[in-house]
Amino acid sequence: MKNRDVLIFALTTFARRLRLNAVLCEFAWMACAISGALVLYQILPAAIAAPAVVGALETLLALLLIGVIGFFAMRGLRPITLEQVAATADGHAELKDELKSGYWFARQSKVSPLIELQIQRAALTAQRINPRELFPITIPRGAFAAVGMAFAAGLLSWFVPYLGHPQSPRAESSATGIATTSSEARKPQPMSNRLAAANQESVDAAERTPMADAPGADEAWIKLETAIHALGQDEGPKGMAAAIKDRDAARAVQLLEEFGRRREFAPAQSSGRTFADSVRASPGLLARLQELFGPGGNVPQSALEGETGDELAHALDLAQKLDDDMRASGANNPDSHKLEEGTNPLQAAIPLERFGPREARRSQGQGGEFEGTTDVEGGAMGRRVTQSNIGAGGKPSTNEANTINQFEAEQVLGARTERLSVQLKKVKIEGSNPRGGDAQGIADEAYAATREQQAQFAYHNAPQHARYVSESAMNAERIPLAYRGAVKDYFLDLNRNEK
Amino acid sequence: MNDATADVQIDSFQKKFRSVRAEIARVIVGNEEVIEGVITCLLARGHGLIEGVPGTGKTKLIQTLADVLHLKFSRIQFTPDLMPGDIVGGNVLREGERGEKVLEFQPGPVFANLILADEINRATPKTQSALLETMQENSVTIGKITHALEQPVCVLATQNPIELEGTYPLPEAQLDRFFYKLKMEFPTAAALDEILNRTTELNEPTIERVLGRGEILEMRAIARGMPVAKPVKDYAIRLTLATHPENAPCHEMVKKYVRYGSSPRGAQALLLGGKVHALMQNRVYVAGEDIRAAAFPALRHRMLLNYEGEAEQLDVDAIIAAIIESVPEPRT
Chain A
1 MKNRDVLIFA
11 LTTFARRLRL
21 NAVLCEFAWM
31 ACAISGALVL
41 YQILPAAIAA
51 PAVVGALETL
61 LALLLIGVIG
71 FFAMRGLRPI
81 TLEQVAATAD
91 GHAELKDELK
101 SGYWFARQSK
111 VSPLIELQIQ
121 RAALTAQRIN
131 PRELFPITIP
141 RGAFAAVGMA
151 FAAGLLSWFV
161 PYLGHPQSPR
171 AESSATGIAT
181 TSSEARKPQP
191 MSNRLAAANQ
201 ESVDAAERTP
211 MADAPGADEA
221 WIKLETAIHA
231 LGQDEGPKGM
241 AAAIKDRDAA
251 RAVQLLEEFG
261 RRREFAPAQS
271 SGRTFADSVR
281 ASPGLLARLQ
291 ELFGPGGNVP
301 QSALEGETGD
311 ELAHALDLAQ
321 KLDDDMRASG
331 ANNPDSHKLE
341 EGTNPLQAAI
351 PLERFGPREA
361 RRSQGQGGEF
371 EGTTDVEGGA
381 MGRRVTQSNI
391 GAGGKPSTNE
401 ANTINQFEAE
411 QVLGARTERL
421 SVQLKKVKIE
431 GSNPRGGDAQ
441 GIADEAYAAT
451 REQQAQFAYH
461 NAPQHARYVS
471 ESAMNAERIP
481 LAYRGAVKDY
491 FLDLNRNEK
Chain B
500 MNDATADVQI
510 DSFQKKFRSV
520 RAEIARVIVG
530 NEEVIEGVIT
540 CLLARGHGLI
550 EGVPGTGKTK
560 LIQTLADVLH
570 LKFSRIQFTP
580 DLMPGDIVGG
590 NVLREGERGE
600 KVLEFQPGPV
610 FANLILADEI
620 NRATPKTQSA
630 LLETMQENSV
640 TIGKITHALE
650 QPVCVLATQN
660 PIELEGTYPL
670 PEAQLDRFFY
680 KLKMEFPTAA
690 ALDEILNRTT
700 ELNEPTIERV
710 LGRGEILEMR
720 AIARGMPVAK
730 PVKDYAIRLT
740 LATHPENAPC
750 HEMVKKYVRY
760 GSSPRGAQAL
770 LLGGKVHALM
780 QNRVYVAGED
790 IRAAAFPALR
800 HRMLLNYEGE
810 AEQLDVDAII
820 AAIIESVPEP
830 RT
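If you're matching them up, the sequences are chains A and B in order.
Numbering-wise (the numbering used here), the first sequence opens with residue 1 and increments by one.
Numbering-wise (the numbering used here), the second sequence opens with residue 500 and increments by one.
Hints may be right or wrong, so weigh each one.
[Unchecked claim] Now the stretches of chain A that chain B is said to cover, found in silico as 3 or more residues with beta-carbon under 8 Å:
no., stretch
1, 96-108
2, 111-119
[As the list claims (entries may be wrong)] Within a straight-line C-alpha distance of at most 30 Å, the following computed BS3-like cross-link-like pairs (lysine-lysine) qualify:
no., chain 1, residue 1, chain 2, residue 2
3, A, 223, A, 245
4, B, 643, B, 625
5, B, 755, A, 488
6, B, 515, A, 110
7, B, 514, B, 732
8, A, 96, B, 682
9, A, 223, A, 238
10, A, 488, B, 754
11, A, 96, B, 515
12, B, 732, A, 110
13, A, 110, A, 2
14, A, 96, B, 732
15, A, 2, B, 625
16, B, 515, B, 571
17, B, 514, B, 600
18, B, 729, A, 96
For the record, the hints were derived by calculation from the structure and aren't laboratory data.
All values derive from a computational prediction rather than experimental measurement.
The C-beta atom is built at its ideal place from N, Cα and C for all residues, glycine as well.
Just chain A, with the same shape it has in the complex (with noise of 0.2 Å):
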């Protein structure tokens, strides 16, 4: 046998086992990937409510999967050169290019002497290695993840029907599973039965009619149809009922499932009440909560006042504790305000909430025979405060309706912030009459920077300005590079002389 064929035997070997190697690591990654998408699978309609979206992901996670699949069993089923091999034997034995630059000769047509000895010295070479130390079969590092992510997916298929979302078709299913069985499903339910079998019965029509057009549809939304409109003439059937009439599933089970949250909301209430009874606790009430409280809505003095009030305080009482039971059951949030909008007293809630602190009030000052207004908006809780006086006559008002008005200003908006206090103080401003008139000037008392602040603040600034400017001016200064060093030599010579 020649030495070129000796070489090439010997890397052929080493070929085997690296091939070996690759197609175990590929295989490994591969597997890596089916886990990590079943783990995925997994999680995928426990952290995501609506049901398209987890279909269409589902869909997404096969495609990725599949084209994974077909990366790694291409990268495995990829020939390795002999001259990858050589070069690899080289990087692993340390043979510093022996078996590469010999491998590459042996190809070669071209004979001398000396290429036949690096021929004769590189298949020696090949000949002393082991291919089984050189390259051992070894369980890749993927194979350990593989397995790990298996495990991880067998544990979230027992554990996801717990940790399910309630909304997730798969979860649902198996909760509710679960859920029959267990000893709490059998408690009264505290909703309507009507509405919860015609809203489970709903739900379990639109899953079992994926499509409009699948045999014995009909039939189904007919008596969907049917079911609604046993449901009564509220808002929420009609549109049930419009949306099973155009056929609109998708339409239909979200209104569904709002029917679904709606129903776990009234147990909630302390009332006990249900949530149809809530809606229809007082037509009137609500219309003059709306009135009062709608978007943008300013609530004047005369609103407080009379018979108005007394139902106003009833409705912040209900609208508080509908709120503190809804925060205490964890429903309140955007969604639910957004879906009783308009129709339930829960939404009071937001504008009394936000009334309170910062509800504005206009005291008015009868300063003598001068007058003064005094306005003050904004509050609490670090908002935008705007104070205003306003001084008409030749005179400013008297102190003690200063007095008044600040001690109602201070009542209305609580403590003074802990930022105003410190960045303004009382101080008196003195300012001519614009209308002429006896008096020589008016002066008031407002929230402002003194001028001791003023120059303060003035003072603090001037050495970081002065600073700023002299670095930029040294910054945008562009000295040679060559002459840097020469330049800042002969500055640290002036310095070190002036020291």
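Start from chain A and add chain B according to the hints.
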């Protein structure tokens, strides 16, 4: 030449190389890389430029090499008033036997095998350029007559990097003709102790002549005949191209600090230096490691820094190291 003969030749090459190195090491302490570089220049048909501060043994190294080899040695002390004719020689008017006047060629000191051009940067560029033809074509042309120099021809020049007053930096064309530029480092404490022991006592070390002209020519032929695999050759080419700032995939430092990259002579030096280095390592093939070992002395004087690089006083070796880092060695 069959395989056995080649094997014997390779072994012989290594033995001779080691014997020369060992003899030089009896006089020169440390600086093994410079010693190997000088021998490589000789065996690769190149010329060497040795740079170092005064007193580090540059001239001593070349004198020792001349003592070790059975070669004709000449020394030229470059001074500002040295003329080209003082180096290459010239025609002198002589009286013949019958009283007639004849022009006779008087060969200069370049007519030797081993030429020491001491402090080469002290002579004017005109005089320095007198060596151009000698170094490249191994010949001297005077008038209309070209005189071929006897092989081997090896110019070993020295220069001082710090004392620049009254010196003339070597022109690029001259620099490019040097195969290697070697840096003589200041000796370490242990090496300095050994130098003191050897040079301040009664008995100074003596050396023997171990190689003759024929053996050197044979070693040159072996080195030239070393086969190089294509991937390794490609590696040398890519290294050379990476020194050019106009090349797209070059290193950031090259783009920033280099004005001109290495000439094709640089690639030749890489490959030939790699061959000799491989033979020194008892290998009959050139590996990427050999090319890398030759990269610093072969490229450092062939890369011209731009204004910014000069101002930053950048060491070219740092750029070469960055290039070596950035250019991947071919796996296949």
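Outcome of the hint check:
no. : hint            : result
1   : 96-108          : holds (count 8)
2   : 111-119         : holds (count 7)
3   : A:223 <-> A:245 : holds (11 Å)
4   : B:643 <-> B:625 : holds (20 Å)
5   : B:755 <-> A:488 : holds (23 Å)
6   : B:515 <-> A:110 : holds (29 Å)
7   : B:514 <-> B:732 : holds (27 Å)
8   : A:96 <-> B:682  : holds (27 Å)
9   : A:223 <-> A:238 : holds (15 Å)
10  : A:488 <-> B:754 : holds (27 Å)
11  : A:96 <-> B:515  : holds (24 Å)
12  : B:732 <-> A:110 : holds (16 Å)
13  : A:110 <-> A:2   : holds (15 Å)
14  : A:96 <-> B:732  : holds (15 Å)
15  : A:2 <-> B:625   : violated (59 Å)
16  : B:515 <-> B:571 : holds (19 Å)
17  : B:514 <-> B:600 : violated (53 Å)
18  : B:729 <-> A:96  : holds (15 Å)
Hint compliance for this structure: hints 15, 17 are broken, all remaining hints hold.
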